[in-house]
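A.B. asks: Model the full assembly from the supplied sequences, consistent with the hints where possible.
Residues per chain, in single letters:
Number of protein chains: 6
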Amino acid sequence: MRFEDLNWMDVENYLKQDDRLMIVLGACEQHAYLSLLTDVRIPQTIADAASKQTGVLIAPSVNFGVSPYFLQYPGTLSLRTSTLLQVMEDIIRSAAGVGFRRFLVLNGHGGNNGAADHLVEVANSLPHIKIAWYSWWESNSVAAVSMKHNLAIEHAGWAEAFSFTQVADLPSEPKLPVKVTGLSNAIETRRLYGDGMFGGPYQVGDEIMAEVFQAALDDVLHLLE
Amino acid sequence: MRFEDLNWMDVENYLKQDDRLMIVLGACEQHAYLSLLTDVRIPQTIADAASKQTGVLIAPSVNFGVSPYFLQYPGTLSLRTSTLLQVMEDIIRSAAGVGFRRFLVLNGHGGNNGAADHLVEVANSLPHIKIAWYSWWESNSVAAVSMKHNLAIEHAGWAEAFSFTQVADLPSEPKLPVKVTGLSNAIETRRLYGDGMFGGPYQVGDEIMAEVFQAALDDVLHLLE
Amino acid sequence: MRFEDLNWMDVENYLKQDDRLMIVLGACEQHAYLSLLTDVRIPQTIADAASKQTGVLIAPSVNFGVSPYFLQYPGTLSLRTSTLLQVMEDIIRSAAGVGFRRFLVLNGHGGNNGAADHLVEVANSLPHIKIAWYSWWESNSVAAVSMKHNLAIEHAGWAEAFSFTQVADLPSEPKLPVKVTGLSNAIETRRLYGDGMFGGPYQVGDEIMAEVFQAALDDVLHLLE
Amino acid sequence: MRFEDLNWMDVENYLKQDDRLMIVLGACEQHAYLSLLTDVRIPQTIADAASKQTGVLIAPSVNFGVSPYFLQYPGTLSLRTSTLLQVMEDIIRSAAGVGFRRFLVLNGHGGNNGAADHLVEVANSLPHIKIAWYSWWESNSVAAVSMKHNLAIEHAGWAEAFSFTQVADLPSEPKLPVKVTGLSNAIETRRLYGDGMFGGPYQVGDEIMAEVFQAALDDVLHLLE
Amino acid sequence: MRFEDLNWMDVENYLKQDDRLMIVLGACEQHAYLSLLTDVRIPQTIADAASKQTGVLIAPSVNFGVSPYFLQYPGTLSLRTSTLLQVMEDIIRSAAGVGFRRFLVLNGHGGNNGAADHLVEVANSLPHIKIAWYSWWESNSVAAVSMKHNLAIEHAGWAEAFSFTQVADLPSEPKLPVKVTGLSNAIETRRLYGDGMFGGPYQVGDEIMAEVFQAALDDVLHLLE
Amino acid sequence: MRFEDLNWMDVENYLKQDDRLMIVLGACEQHAYLSLLTDVRIPQTIADAASKQTGVLIAPSVNFGVSPYFLQYPGTLSLRTSTLLQVMEDIIRSAAGVGFRRFLVLNGHGGNNGAADHLVEVANSLPHIKIAWYSWWESNSVAAVSMKHNLAIEHAGWAEAFSFTQVADLPSEPKLPVKVTGLSNAIETRRLYGDGMFGGPYQVGDEIMAEVFQAALDDVLHLLE
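Residue numbers (this note's numbering), protein chains in the order written: chain G, 1 to 225; chain X, 1 to 225; chain S, 1 to 225; chain U, 1 to 225; chain E, 1 to 225; chain Z, 1 to 225.
The set of hints was computed from the structure by calculation and includes no laboratory data. Treat the numbers as computed from the prediction; the structure is a model and nothing was measured. You may find that some hints are simply not true.
A pair holds if it fits inside one copy or across any two, identical chains being indistinguishable in the list.
[Claimed, not checked] In silico SDA-like pairs for lysine to any residue, Cα to Cα no more than 25 Å straight-line:
id	residue 1	residue 2
1	LYS179	MET147
2	LYS148	LEU126
3	LYS175	ASN13
4	LYS148	GLU121
5	LYS175	VAL204
6	LYS16	HIS222
7	LYS179	GLN17
8	LYS175	ASP5
9	LYS179	SER139
10	LYS179	ALA215
11	LYS16	ALA168
12	LYS130	GLY194
13	LYS130	GLY110
14	LYS148	GLN166
15	LYS130	GLN166
16	LYS130	LEU192
17	LYS130	PRO177
18	LYS175	GLY99
19	LYS179	GLN72
20	LYS130	ARG102
21	LYS130	PHE198
22	LYS130	ASP90
23	LYS16	GLN166
24	LYS52	GLN214
25	LYS16	ASP195
C.D. replies: The structure is reproduced here in structure tokens:
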């Protein structure tokens, strides 16, 4: 269940028997041919599935992340790192104040990882809470799927091309991986990456996508225990 | 159209012929029997309707606002004022950087109004942009509807009880308005307001709601011109 | 009594029998023909009158507020919203630390309202204090006076033209109200508003001004109880 | 002339022939038997005298400074250092934006000195402005007066006991200087300093005070050239 | 050459023919039996070796990083994430202001990675500079060494046990890897990790260490080109 | 002993019998012909000598300070004042969290003094700790040495020209003191000060330097008691 389908009395009742909360953290940024909200939709869909099985509540999605390198691609809306730290802290402090104790951040975007350490600082000041941070594409179980099929996970590539993130036709031919060193600024990044995909196939078969999704979902179910 | 249904190439094409953007700013807070995301759903629904008529794009919703007084109601997730200022600035600077010029913030929550002045500071530093800020329940046209029906607009009351914000049955009897002076802290606020509604009827007929919605939509269409 | 006429021992004695403090919050900004410190002088004069009747102490005035829209009018000195939040928090925390418990912020400027919610955040962390926020020109009692005389309250107009805010002769003819939508930046604002007054008469008779002042003073005396 | 006695048109006229501004920066803190606003009143009185001779305008006083060590003395209202930096930056950027070029900060309080370096950072970003910072009690000319009379300048002692800072009778006997090492917190500071004066005579003759005032005024007149 | 062995004239001369700068970013945190400054000493030693071959200058080391999880181990001195972002920005802006154009951050600590994205934001505002970020233990070339010897790289384990980071005898037996999920707070972290090492051998032979060092040095030399 | 030569177990053992910590705070800025890290090396050398006699531990040096006026001299790397406040707070809170109670900040740079008041704010929130702040060149004992030899202490002059801060030959002739009023920005500062020294002899005999060093060391030993 998502917060948006509940009122406060529902949450109060929930807290009488549970203290877990999933927080979907994404980004609004270029994903080549995929939806600008790919990084929200993937963890949101995983969260919905996990909630269905466990009943754990889902906070409203944080629809923006840290994407300064993509700011020359129209549609990217990037928070400064310092802003994201504050947003995540405010959400967790608000929820901890009424009794939530175990938090699982379902992160959809690599640029947000700097917020994880900040949440340790928050956890140091609220010693009764526990926070887990899960970035699905970095997990061992998803890596096992990609290795099994001899595929590498790259930004905006096959691994993010779920049915629910597609908003346009995808190229059928793979893209030569782009090799970059250094931290490119937004202008260089657009020049280097062109359509915004980082390399490899744009799409794979539905069965592989189902394997990826199941692997991530299993991780989340495990983390919720 | 919402960003989430587009990819960056779609936005780039849009910017060749338009430079307007609607930003839905809400809150995640107690609304008595209504959805915790009432303040998102109302401006989002208005924005969707306005977009359908005008084609103006809609950025992903900001799902959190400034609600410190409601922090003792489970489900309220409040940003500090300083956090919200940064979020709004980051979104507008990101969009202005790729060519958006005219912004309409569709605000669903009174506690967010402090961000409006901050956006003037942002506008001073980006003199080629224009920002409008619209809080539907404070508009003259919606006030005209409420006065016509001899109804006052109060938090979580009839004026927010659209079909799309209801997640539970609503009381049929009106509530005696609560009279408060001073800035109450979160504990006092919960004690004072009980179920969280501020007074008056919890619901009115669909025709009145349609009038309210149409009045706000007309305002937005006018502001988008 | 104002702090400036006291030493710390006087305040210590006061705190043995009272715990109330008035804080005058203003702005330094264009008020057309009126004093640049109009927004300080009005709440200060009300505070002085209220203190005379009640003995409640008055902190030194905050002489600057949030006025980004007026920055192209020479003499406007505007704090960023984030700065004002910090100033108000620091003052209240300092005073709460030595025993003040009940605060009444006498606000003279609309752009400062964003600080009110921040003070709720402060109050959440200091549960033994109470804060009231009073913006005289937004009060029901002052509205009753203006409605009785069929006058609208506009920036730098008749309602702020007390004897103690006048520093030059005032135009005798009213000004056609300026109609604006959107959040104008500082350059547009100056172009739109010319002399800086927003519309209506520049001045009215002394009896009306006395009514306005008395209405606000009565409000303050009531809030101090 | 002070801003409070002018409107924006007066300032605009002034800027056609001058670009100097005096900013009075004080503190609201214990000064033993003297006014809580001693650190405002002294630089304000100097500024008024200098303005009378030169016509240079005076911005509204900053009535609060950085006084964390005195927070256990009732009546002290202290800004955090970070807050003061922002306040001073905002004032100077506002004034520089409409044409002020040469700023003289008349500082009345030692705890504010950290803001001076921050103003250099501001000046680096606004290369057309010049800022001077004057702390009267640290000047060579005032030191010459105190040495001539074999007096040391200590907090809340004779050198601050002008007629216009006295709000109560002063002890006739000098106080044994308090010797302190380290940065004391507020509790220790109150224990160590008792009435808040740091040592030496509480008052001296009017002629010496006139010499001190004249020395500081001459400094300011020189800095304004 | 390090800045500390130069004066400003030396740097001015250097900038006539080069515009590269290495910045050593470390941490002061528990490393089990190894030096508290292990994360400084490793990148510093690599930088010194690279500078010897290339002549590229080295800025003074940033001796503190983001280590909130280790705050219950005495000797850990952790910056908040927000603080580190500011430190790195200030250093790079200072150096860019006098003509440095190509920066290589030699990072010794995983908790600092959040600063990398912030530097992209800085690079967006200074489009003439280029920044590279190198975390030696995450590089492909060092991974190749560890895989060749069938060793995993863990905090405070063999891969950090250079001669120049050892300050005490090391255990001869390997440690069973500790398995952790979630973001542990500082108290849990100490309980979980005991001596602070994360698992595997505490030390390996000098030849392997030389291979690791050479791999990292080669990377750095390549990045400096 | 310095932290870098210890591991966390050593610090834990130390804390069983002592709770003092020296923190070396410097700057990376132009010192004319002297090392860019002169302001680190002097307090570090004093700290090492004091530690040798007392066993008090030394935290890693803060290698950067607030030097905005010198930003046009290549090699100066300046923190904003606000950044330094955070760095110092983070270090002290980290150390206080594991049992350090008495802190001695050995400051090498005048521009850092604004951080001292911020540390009083920190101390107010951690009432069990004590902080001392020592700027060697401002001490009475060092002043006595300079007066005895009829020498004035100026930036980058003789008093900083220890054997361990020299990285180039020094001019044999003294420099005419530069007279400046106001807060100069970085461009003016470079124009005014040329080589960066502020006036007087560039060097004096070793015996005087030994006297200076001993005076400062004695101060530190006294403060550590």
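A.B. asks: Give a verdict on every hint.
C.D. replies: Results of checking the hints against the structure:
no.: 1; hint: LYS179 to MET147; in the structure: both (20 Å within a copy, 23 Å between copies)
no.: 2; hint: LYS148 to LEU126; in the structure: neither (41 Å within a copy, 43 Å between copies)
no.: 3; hint: LYS175 to ASN13; in the structure: between (51 Å within a copy, 23 Å between copies)
no.: 4; hint: LYS148 to GLU121; in the structure: neither (37 Å within a copy, 37 Å between copies)
no.: 5; hint: LYS175 to VAL204; in the structure: within (13 Å within a copy, 41 Å between copies)
no.: 6; hint: LYS16 to HIS222; in the structure: within (22 Å within a copy, 42 Å between copies)
no.: 7; hint: LYS179 to GLN17; in the structure: neither (50 Å within a copy, 29 Å between copies)
no.: 8; hint: LYS175 to ASP5; in the structure: between (41 Å within a copy, 24 Å between copies)
no.: 9; hint: LYS179 to SER139; in the structure: both (23 Å within a copy, 14 Å between copies)
no.: 10; hint: LYS179 to ALA215; in the structure: between (28 Å within a copy, 19 Å between copies)
no.: 11; hint: LYS16 to ALA168; in the structure: between (45 Å within a copy, 19 Å between copies)
no.: 12; hint: LYS130 to GLY194; in the structure: between (41 Å within a copy, 20 Å between copies)
no.: 13; hint: LYS130 to GLY110; in the structure: both (22 Å within a copy, 21 Å between copies)
no.: 14; hint: LYS148 to GLN166; in the structure: within (24 Å within a copy, 41 Å between copies)
no.: 15; hint: LYS130 to GLN166; in the structure: neither (35 Å within a copy, 33 Å between copies)
no.: 16; hint: LYS130 to LEU192; in the structure: between (40 Å within a copy, 14 Å between copies)
no.: 17; hint: LYS130 to PRO177; in the structure: between (39 Å within a copy, 22 Å between copies)
no.: 18; hint: LYS175 to GLY99; in the structure: neither (48 Å within a copy, 29 Å between copies)
no.: 19; hint: LYS179 to GLN72; in the structure: within (19 Å within a copy, 37 Å between copies)
no.: 20; hint: LYS130 to ARG102; in the structure: within (5 Å within a copy, 33 Å between copies)
no.: 21; hint: LYS130 to PHE198; in the structure: between (35 Å within a copy, 20 Å between copies)
no.: 22; hint: LYS130 to ASP90; in the structure: both (16 Å within a copy, 23 Å between copies)
no.: 23; hint: LYS16 to GLN166; in the structure: between (39 Å within a copy, 23 Å between copies)
no.: 24; hint: LYS52 to GLN214; in the structure: within (14 Å within a copy, 36 Å between copies)
no.: 25; hint: LYS16 to ASP195; in the structure: between (49 Å within a copy, 18 Å between copies)
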